[in-house]
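Produce the entire structure from the sequences given, and follow the hints as far as they go.
Read left to right, the sequence shown gives residues 1 to 149 (the working numbering).
Just to be clear, a hint being listed does not mean it is correct.
To be verified - Below, in silico cross-link-like pairs of lysine-lysine (BS3-like), each with a Cα-Cα straight-line distance of 25 Å or less:
| no. | residue 1 | residue 2 |
| --- | --- | --- |
| 1 | K87 | K140 |
| 2 | K141 | K83 |
| 3 | K141 | K87 |
Since the hints were derived computationally from the structure, they do not count as laboratory data.
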Amino acid sequence: MTTKEASRKQTKTEGAVKGGDGEYIFPLMQMAGIEAGTGYSTGHGPVVEGERMQCALVTKARGTGSNPHHHPNEQWNYIVKGKLRVKVGDQPERICGPGTLLYFPANVVHYTIATEDEDVIFFAVKDMTHGIIGIPVDEKKGAFTGVNK
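Below, the structure written as structure tokens:
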């Protein structure tokens, strides 16, 4: 089975690729991406879903990112390139760079915004109790584009 055939299988998130059934290796850097935070984030990239976990290689353009949101599943982000402004729950905002692992507990409001320096790439992992896309705190606000600071 090819990656193209796997992408046609049933997934929780529209546009994600389904792993398993002979499809075990995914060239993320060459795969087509989807919006990873429709309605509240500029994040986009390929998403692969397994039976219990989903992974994504997410890119956010410099100075853009997600407005506050939450989701019923846990999330881990490993920053590969660039720096993010990160706020989780009541913790103060922090700047985090390459090599940093971020943990977002289920149902805790958080956001990540790429600094103005460069685009950001991070590897995200979530459990499959919910799709890759979260729930914005303010649906009217849209994605953080640098204009709505």
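K87 paired with K140 [C-alpha distance capped at 25 Å]: The given pair, whose Cα atoms are some 20 Å apart, holds under the 25 Å limit.
Against the 25 Å threshold, does the CA-CA distance of K141 and K87 hold or violate the hint? Satisfied, since the Cα-Cα distance of roughly 17 Å is no more than 25 Å.
Holds or violated: K141 with K83, Cα cutoff 25 Å? Between K141 and K83 the Cα gap is close to 23 Å, so the pair holds against 25 Å.
Consistency with the previously given hints is maintained throughout, with no hint failing.
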